[in-house]
Amino acid sequence: MINYKNVGFKYSDSKTNNLKDISFSIKKGELVLLTGLSGSGKSTISKCLNGLIPNLIEGDLEGCVYIDNKSLNDKKIHEISKNVGSVFQDPRGQFFTTNTTSELAFTMENYGLSKDKIQKRIENVCKILNLNSILDKNILNISSGERQKLSIACALTMNPNILLFDEPSSNLDYKNTLNLRDILLDLKSKGYTIIIAEHRLFYLKNIIDKMIYIEDGKIKNIFLKEDLNHIEDKNLRVFDIFKSKFKNIGKNNTEEILSLKRIYFKNILKDISFKTYKGDITAIIGKNGVGKTTLAKLISKIEKPNSGEIKLKGKSIFIMQDTDYQLFGSSVYQELKIGNPKITDKKIDEALKKVGLSSVKNKHPFSLSGGQKQRLTIALAYVSESDLIILDEPTSGLDAINMQKISDLIKDLSNNHAILIISHDFEFITNVCNSAIYLEDGKVSKEFNFKKDEEEQLINIFKELNL
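Numbering of the sequence shown is given in full-length UniProt numbering, commencing with residue 1 and proceeding in unit increments.
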């Protein structure tokens, strides 16, 4: 059904080819995983299929992509989109309206479909994805899992045969990632051909038909379903996250950095109290909507509590989940200079080396991949002079190697800082954190000081409560 034949591509601002002689085929109804290190070319391969390359993204394209033996090279993006539905990494980036029902109708209205046909298709996709409960709601007021479902529904409204997902789990908690798995299985059973570019692998175990491993713009390996038990040496995220063990056990720190006493905020946070010390790397865990990011905003003075006391020694820096909201420089180098004019070039080079971004020092931040942007924001924390560093989902879009780099950097930072990490990434939490705070119903339900005998408790929280 889908054939890539000798596909190569070089972005207009690139000196070397980003894709090199890519050739593979996908049969109708298959679920195929594209994986590899950050910046290896996964998303670029996807963009050659949905028409973003060469229609909207400038560069030099070689070879050809075929669907049902028909070349896509001469097809316009509106023709391709009837057959290929795309779901991007952050659903918010592909919404054009603020109302869920209007969003579902948007693409069909642009294609001139009749009102009756639009209504029937909306009813159909809502039935497939069980979306009736969020119809006619403000998109900003629905959960991240519901936004992901909505973006999939929007892709389905044009009745495509092919669905293309770009890191669909990166902004989802454990529960919603498992829900995504169920959706993928259901769509596969209905005959859709599905391609997923992804780093997180645990939710795809036993459902993919083929895995294509990309390295430096080339296909390094193609694994069939029966081969997938033998890929532990490929520097990939794990297929079984609960095999992860605590790697940063225990803490004995006495220099207090942060103290919260009986914090209340609206109906979200109720009687929050805890302390954080220099050397602490503390995970803030809990279901979506429980108030984790709100808590970070209160500590960072973005919001004010209704009551209670927050004491902070020195300054804090809050690295938000959506990196685009906090990147302002004209280059990666300038990004680290902003707000820190006394920083030396040596310190900048050191930070970029630690996060693996030395080669893109002079590139514009918005030209980086999602994972590279994520690492850049970690570098911002590294060069800051803050006593408290707060990171919101820092592993979004990171492969195994770069997750380890970030883990090592955070451990290094903890020597002189206290660090709070909002995360639902169990593999990452057990790798880097030495404590955790579990929020439930707006309250601190449990505090963990990581010890071997607490591993099972943390696993049970993730499994039973579907974090």
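No lab work stands behind these hints, which were simulated from the structure alone.
Positions of the beta carbon are idealized from the N, C-alpha and C atoms, including for glycine.
It is possible that part of the hints are untrue.
[As the list claims (entries may be wrong)] No more than 30 Å apart at the CA atoms, straight line, and that leaves these computed lysine-lysine pairs for BS3-like:
id, residue 1, residue 2
1, K137, K120
2, K405, K15
3, K20, K220
4, K15, K127
5, K304, K275
6, K304, K363
7, K175, K15
8, K137, K115
9, K205, K188
10, K315, K304
11, K15, K27
12, K20, K353
13, K27, K205
14, K270, K210
15, K188, K225
16, K446, K315
17, K82, K120
18, K297, K311
19, K210, K27
20, K225, K205
21, K313, K301
22, K354, K342
23, K278, K347
24, K261, K278
25, K315, K354
26, K297, K443
27, K337, K363
28, K75, K117
29, K287, K188
30, K10, K315
31, K346, K15
32, K82, K10
33, K405, K361
34, K304, K27
35, K137, K443
36, K137, K75
[As the list claims (entries may be wrong)] Here are the in silico distance ranges between beta carbons for each label pair:
id, residue 1, residue 2, range
37, S259, K28, 57 to 67 Å
38, D74, I222, 33 to 43 Å
39, K346, L140, 35 to 45 Å
40, K205, K304, 38 to 48 Å
Structure-based check of each hint:
Restraint check: the Cα-Cα separation between K137 and K120 comes to about 19 Å, which is no more than 30 Å; the hinted pair holds. Between the alpha carbons of K405 and K15 the distance comes to roughly 26 Å, so the proposed pair stays at or under 30 Å and holds. For the hint linking K20 to K220, the alpha-carbon distance of about 11 Å falls within 30 Å, and the restraint holds. For the hint pairing K15 with K127, the CA-to-CA distance comes to about 48 Å; that exceeds 30 Å, so the pair is violated.
Of the supplied pair hints, the one linking K304 and K275 holds, its CA atoms being roughly 18 Å apart against a limit of 30 Å. Taking the CA atoms of K304 and K363, the gap is near 37 Å; set against the 30 Å cutoff, the hint is violated. Distance restraint check for K175 and K15: the Cα-Cα separation of roughly 42 Å exceeds the 30 Å cut-off, and the hinted pair is therefore not satisfied. Only pairs whose Cα atoms come within 30 Å are accepted, and K137 paired with K115 is accepted, the gap being roughly 20 Å.
Restraint check for K205 and K188: the C-alpha separation of about 14 Å stays at or below 30 Å, so the hint holds. Restraint check for K315 and K304: the C-alpha separation of about 16 Å stays at or below 30 Å, so the hint holds. Of the pairs offered as hints, the one joining K15 and K27 is violated, with about 34 Å between alpha carbons and a cut-off of 30 Å exceeded. Simply put, K20 and K353 have alpha-carbon atoms about 26 Å apart, close enough for the 30 Å limit, and the pair holds.
Taking the CA atoms of K27 and K205, the gap is about 19 Å. The hint holds against a cut of 30 Å. Our distance criterion of 30 Å between C-alpha atoms is broken by K270 and K210, whose separation comes to about 47 Å. Between K188 and K225 the alpha-carbon distance is near 15 Å, which keeps this suggested pair within the 30 Å criterion. The straight-line distance between the Cα atoms of K446 and K315 is roughly 27 Å, inside the 30 Å bound, and the hint therefore holds.
Among the hinted pairs, K82 with K120 is consistent with the structure: their alpha-carbon atoms are about 17 Å apart, no more than 30 Å. This hinted pair checks out: K297 and K311 have alpha carbons roughly 14 Å apart, not beyond 30 Å. About 10 Å separates the Cα atoms of K210 and K27, which keeps this hinted pair within 30 Å; it holds. Distance check on the hinted pair: K225 and K205 sit about 9 Å apart at the alpha-carbon level, within 30 Å; holds.
A hinted pair counts as satisfied when its Cα atoms are at most 30 Å apart, and K313 with K301 qualifies at roughly 13 Å. Only pairs whose Cα atoms come within 30 Å are accepted, and K354 paired with K342 is accepted, the gap being roughly 20 Å. For the given pair, K278 sits about 22 Å from K347 by alpha-carbon distance, which is consistent with the 30 Å threshold. Straight-line distance between C-alpha atoms of K261 and K278 comes to about 18 Å, which keeps the hinted pair within the 30 Å bound.
With a C-alpha separation of about 23 Å, the suggested pair K315 and K354 falls inside the 30 Å cut-off, and the hint holds. At most 30 Å may separate the alpha-carbon atoms for a hinted pair to count; K297 and K443 meet this at roughly 16 Å. Taking the CA atoms of K337 and K363, the gap is about 14 Å. The hint holds against a cut of 30 Å. Restraint check: the Cα-Cα separation between K75 and K117 comes to about 25 Å, which is no more than 30 Å; the hinted pair holds.
Restraint check: the Cα-Cα separation between K287 and K188 comes to about 28 Å, which is no more than 30 Å; the hinted pair holds. Between the alpha carbons of K10 and K315 the distance comes to roughly 43 Å, so the proposed pair goes past 30 Å and is violated. Taken as a hint, the K346 and K15 pair is honoured in the structure, with Cα atoms around 26 Å apart against an allowance of 30 Å. For the proposed pair K82 and K10, the alpha carbon gap of about 26 Å is at most 30 Å, so the pair holds.
For the proposed pair K405 and K361, the alpha carbon gap of about 18 Å is at most 30 Å, so the pair holds. Of the supplied pair hints, the one linking K304 and K27 is violated, its CA atoms being roughly 55 Å apart against a limit of 30 Å. Only pairs whose Cα atoms come within 30 Å are accepted, and K137 paired with K443 is accepted, the gap being roughly 28 Å. For the hint linking K137 to K75, the alpha-carbon distance of about 35 Å lies beyond 30 Å, and the restraint is violated.
Taking the beta carbon of each, S259 and K28 are about 60 Å apart, inside 57 to 67 Å as hinted. Distance hint check for D74 and I222: the Cβ-Cβ separation is about 28 Å, which falls outside the suggested range of 33 to 43 Å. The beta-carbon spacing between K346 and L140, approximately 43 Å, falls within the hinted interval of 35 to 45 Å. Range check, K205 to K304: Cβ separation about 45 Å, and the 38 to 48 Å hint holds.
Going down the numbered hints, you'll see the structure goes against 4, 6, 7, 11, 14, 30, 34, 36, 38, while the others check out.
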